[in-house]
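*Asks:* The primary structure of each chain is shown beneath.
Number of protein chains: 2
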Amino acid sequence: MKDAIAFRRARKQDVDAIVKMLADDVLGKERERYTNPLPESYLQAFQAIDADLNNELVLACRESEVIGVMQITFTPYLTHQGSWRATIEGVRTSSSVRGQGAGTQMIEWAVERAKERGCSLVQLTTDKQRKDALRFYEKLGFIPTHEGMKMKL
Amino acid sequence: MKDAIAFRRARKQDVDAIVKMLADDVLGKERERYTNPLPESYLQAFQAIDADLNNELVLACRESEVIGVMQITFTPYLTHQGSWRATIEGVRTSSSVRGQGAGTQMIEWAVERAKERGCSLVQLTTDKQRKDALRFYEKLGFIPTHEGMKMKL
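Protein chains in written order, with the numbering used here: chain A, 83 to 235; chain B, 83 to 235.
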C-alpha cells in the first residue's frame with residue numbers, strides 16, 4: 083500500500099520546490115525559470131496569492147516531500163442565480179510519482195474543498211496539446227462543454 | 083454616428099438591470115430567475131464581488147441606460163514566472179443593442195483594463211453551443227488553445 087498523501091497550504095519556503103515542479107514539465111520547461119536564486123517574480127506572485135482569501139495554493143505531500151501543487155481560485159458570480167465557482171489551475175505532480183494516482187487524489191481533494199466553500203461548479207482549462215490530461219479530467223467527471231480561449235498581452 | 087459607450091463599475095442599484103440582461107439570453111433564460119423582488123442570492127453575490135479587489139463587475143452604458151455587463155477577475159499565479167491573468171466571464175449585452183458593436187467595445191475595454199492591472203494574459207471560456215461567440219472572440223484575437231471543462235456540484 084502506498085503512503086498516504088497529505089494536503090496543506092503552501093508556505094513561502096515551499097516556492098523553490100514548487101517552481102522546480104512547474105519547470106519539470108513538457109510545456110513548463112519552455113516558460114518557467116528555475117534558477118538559484120529564483121527570479122523575484124515568483125516570490126511576488128506567491129505573496130499575492132497568499133494574501134488573497136479567495137486563492138489557495140495547495141501542496142500534496144508524501145511524508146515530508148512535496149509531490150504535487152495546484153492553485154484553487156474561488157470566485158463569486160452573478161450568473162446561475164448568484165453562485166461561487168472554483169477554478170483549478172497550475173496542477174502539477176512531481177515526475178517521480180506520475181502514474182501513481184496522486185493527480186486523482188489532488189483533484190478529488192480540490193472538488194471536496196470547492197464543496198466546503200459552497201461552490202456550485204468546479205472548472206478548469208487544459209491545453210489541447212495535453213491529450214492525456216483531457217482523458218484524465220473526463221474520467222474524474224469534468225465535461226469539455228466550453229472552448230478555453232487565451233490572449234497573450 | 084452612434085452614441086459613445088461609457089464604462090463604469092456596477093453598483094447595488096444596478097443588480098436588477100443586470101439580472102434582467104442575464105435572463106434575456108438563450109442559455110440564461112433556463113438558469114436565471116428575474117423576479118420582483120429578485121432572489122436574495124443575486125444581492126449576496128453582488129456584495130461578494132464588490133468587496134473583492136480582484137473582481138470587477140463592469141457595466142457598459144449608453145447615456146444612462148445599461149446595455150452590457152461583464153465580470154473581470156484578476157488572479158495572481160506562480161506559472162509563467164509569476165504572473166497575473168484576467169478572466170472575463172458573464173459577458174452579456176442587452177438584446178436591444180446586439181449586432182451594433184457594443185460587445186467588441188466591451189472586450190476591447192476589458193483587455194485594456196487587464197493591461198492596466200499588469201496582466202500577461204486574458205482568458206475566457208465560451209460555451210461550445212454559442213457558435214457565434216467563438217468567431218466573435220477569435221476575431222478579437224483570442225485563440226481556442228484550451229478545453230474548457232466544468233463539473234457541476
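FYI, nobody ran anything at the bench for these hints, they're computed from the structure. There's no promise every hint is true.
The list treats identical chains as one, so a pair stands whether inside a single copy or across any two.
[As the list claims (entries may be wrong)] No more than 20 Å apart at the CA atoms, straight line, and that leaves these computed lysine to any residue pairs for SDA-like: (1) 197 x 140; (2) 234 x 220; (3) 213 x 232; (4) 234 x 195; (5) 232 x 194; (6) 197 x 166; (7) 213 x 225; (8) 197 x 186; (9) 210 x 89.
*Asks:* Indicate, hint by hint, whether the structure satisfies it.
*Replies:* Right, here's what the structure says about each hint:
1. 197 x 140: Classified as within: same-chain Cα gap 16 Å, cross-chain 28 Å, threshold 20 Å.
2. 234 x 220: between (27 Å within a copy, 13 Å between copies)
3. 213 x 232: both (18 Å within a copy, 17 Å between copies)
4. 234 x 195: For residue 234 and residue 195, only the inter-copy Cα distance (14 Å) is at most 20 Å; the intra-copy one is 30 Å.
5. 232 x 194: between (28 Å within a copy, 15 Å between copies)
6. 197 x 166: Only inside one copy: residue 197 and residue 166 sit 10 Å apart there, 26 Å across copies, limit 20 Å.
7. 213 x 225: both (14 Å within a copy, 18 Å between copies)
8. 197 x 186: Answer is within; shortest intra-copy Cα gap is 17 Å, inter-copy 36 Å.
9. 210 x 89: neither (28 Å within a copy, 34 Å between copies)
Hint compliance for this structure: hint 9 alone is broken.
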